[in-house]
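S.K.: Listed in order, the protein sequences are those of chains A and B. Quick note: our numbering has the first sequence finishing at residue 369, numbered continuously throughout. Quick note: our numbering has the second sequence finishing at residue 294, numbered continuously throughout.
These aren't lab readings, by the way, just hints derived from the structure by calculation. This one's a predicted model, so the numbers in the text were calculated from it and none came from an experiment. Just to be clear, a hint being listed does not mean it is correct.
What the hints assert, rightly or not - Ranges of calculated distance between the beta carbons of each label pair, as one might list FRET restraints: (1) A/His-16 / B/Arg-141: 55 to 61 Å; (2) A/His-21 / B/Ser-260: 37 to 43 Å; (3) A/Ser-90 / B/Phe-231: 49 to 55 Å; (4) B/Asn-7 / A/His-16: 19 to 25 Å; (5) B/Arg-64 / A/Gln-40: 33 to 39 Å; (6) B/Glu-139 / A/Ser-28: 57 to 63 Å; (7) A/Val-246 / B/Pro-217: 51 to 57 Å; (8) A/Met-134 / B/Arg-64: 55 to 61 Å; (9) A/Asp-123 / B/Gly-90: 35 to 41 Å; (10) A/Val-246 / B/Gly-115: 32 to 38 Å; (11) B/Ala-116 / A/Ser-250: 53 to 59 Å; (12) A/Ser-250 / B/Gly-90: 38 to 44 Å; (13) B/Gly-60 / A/Phe-88: 27 to 33 Å; (14) B/Arg-141 / A/Glu-359: 46 to 52 Å.
To be verified - Each computed DSSO-like pair below joins lysine-lysine, with the alpha-carbon atoms no more than 27 Å apart: (15) A/Lys-333 / B/Lys-25; (16) A/Lys-349 / B/Lys-235; (17) B/Lys-155 / A/Lys-349; (18) B/Lys-83 / A/Lys-352; (19) B/Lys-83 / A/Lys-65; (20) A/Lys-349 / B/Lys-237; (21) A/Lys-333 / B/Lys-258; (22) A/Lys-307 / A/Lys-263; (23) B/Lys-258 / B/Lys-235.
C-beta: ideal position from N, C-alpha, C; glycine also.
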Amino acid sequence: MYVAVKGGERAIENAHRLLAHERRGDRSVPEVSLDQISNQLSLAVDRVMTEGSLYDRELASLAIKQARGDMIEAIFLLRAFRATLPRFGSSEPIDTAQMQVRRRVSSTFKDMPGGQVLGATFDYTHRLLDPALMGEASPEQPSVVAEAEPGVMPRVTDILGRDGLIEPSPVEDPEHQVGDITRDSLSFPADRDLRLQNLARGDEGYLLALGYSTQRGYGRNHPFAGEIRVGEVSVEFVPEDLGFAVPLGSITLTECQMVNQFKGSDTEAPCFTRGYGLAFGQSERKVMSMALVDRALRARELGEDVKAPAQDEEFVLSHSDNVQSTGFVEHLKLPHYVDFQSELGLLRKLRKEFAEANEAPTPMQEAAE
Amino acid sequence: MNAPTYNFAYLDEQTKRMIRRAILKAIAIPGYQVPFASREMPMPYGWGTGGVQVTAAILGPDDRLKVIDQGSDDTTNAISIRKFFQKTAGVAVTTSTVNATVIQTRHRIHEAQLGAHQVLVYQVPIPEPLRFLEPRETETRRMHALAEYGLIHVKLYEDIARFGHIATAYAYPVKVNARYVMDPSPTPKFDNPKMDNCEALQLFGAGREKRIYAIPPYTTVQSLDFEDYPFEPYKHKACCALCNAADSYLDEIVTDDKGSRMFVCSDTDYCETRQAQGHRGSENASPFAESRHA
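Extracted from the complex, chain A is given alone in its bound form (with noise of 0.2 Å):
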């Protein structure tokens, strides 16, 4: 006697609560607060702003909560979140020149103006684990708060660019309208400002690996870290009624403008081109690995050989967005047995026919019939 397979339905429901109970843990330990998330998880949030394409400090700390510290599915939780979000418009162009820098660092001169500022960074520490941070640790004051020198911070690639040394920054084209890879369904040639969207919102070990390929040779094109800045920008809207632009607030951005070689072509004379990475929040990883991939991606454009996986558009641009990813690959989990079944029936008639071709029934042969 058999009875079919059923019960689906309850089972998806014991599920859910059992994921719940699980995600609270210990009930004896205190529950994490969004504060504490956002405060001293912070970059946790950003990367989950940045991949999930919303800045939203505790909207970002509640997916990561929810996600129990899943950062690829916090990031899902954000973007179908930001999906259902109705647009009222795009923000004018931001300013990074006129960012509140809290770090920034060249690495192509010594000095500059506005100075080398360290800012809060892992980069110096000794990665030894604190035993002090196991407790309640209460750290000193910072003696003097990181503030950079007053006026305005140029940016390394403008210095460069009154010299001519590096190519200019393209200008804005108001024939062209920027892209948006969230409204229109990406397709190949793509243009540098889609190819820019996909990156931001790719996946950062993803293109952490990617750049790293072009630093051993799959691609390579000689990079200086040209500046990296950390600060807060303001963004601002012009309302049609309005006619004018008015600020919105202010949000925290990662630069990367990278320095990289050319050798000049037939038509134009050898100087620096740029690879340019940006992200919300603190992301320096994130943005130097989107610029390393962003001039990597530049090769056809400016006439370099397309050979290695980094310099592949379609291949980069179709394998860099995480919930994409982790969505079909982990879709192996759903019921394949109509398929399965059409491919033993194959594979059993396969067998069958080797197996009579060779005139030597194999025992499995037989259990199969």
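Put chain B on the given structure of chain A with help from the hints.
M.R.: Just chain B now, with coordinates in the frame of chain A:
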């Protein structure tokens, strides 16, 4: 905090209009893959987001929705999608194929014949039938534009040369309206003949790959083959152990670790309807209905 509020069938009306435009274009060019601005849905890519977006765009308050996965209404993902639309659209749902107006499916076409009042929505993982022969979208789009399908015929020919027959068991490519080669989604080739000259509208949604395509009613759908090696639909050598059907697609159930197996209909509604009509198979027991425990 912005408390989330959602529209009827989840998607906002502008998004639905965008999807409907893509659907209309797809119907106008049978078998052609129309790019659309797929949204992030609250379920993972690869789990039916394309089908869900198509369903959300065509669903009206008076529709009766059926969702199947592997032919069954009771597989976990089918339940999850059905509950999603119950929650976000409040539409009536059914497991009955004949009573449904919209049927969303993954990997199967149910056994009962579709009527003109019905729409079948397929979930599609890889919409491009040429993808595993040519990974680049730029190339495959050109091949479709020029109807340059030699490559896929060579693949089928190589199967014949090597195995003596075409060795594709599911996602068996078809030519729609004598023009576009189309991926029928990973349905077993057993189901291919049902697509041909079907009374119902068939819509295909691929969310991750951002493509929608369609087979309008009464359109020819030809499984690719050769004159001397015609398309052979898959046939089971067994009957359903529950309803004794000899014409349905069967799932193989492993019943012990000694090699015992039995076969039952993959289409649960078809099987249950037949059992209610008094058909009995060799292993018949009335399936335990979930509603009793709800």
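S.K.: Tell me the numbers of any earlier hints that the structure contravenes, in ascending order.
M.R.: 1, 5, 9, 10, 15, 18
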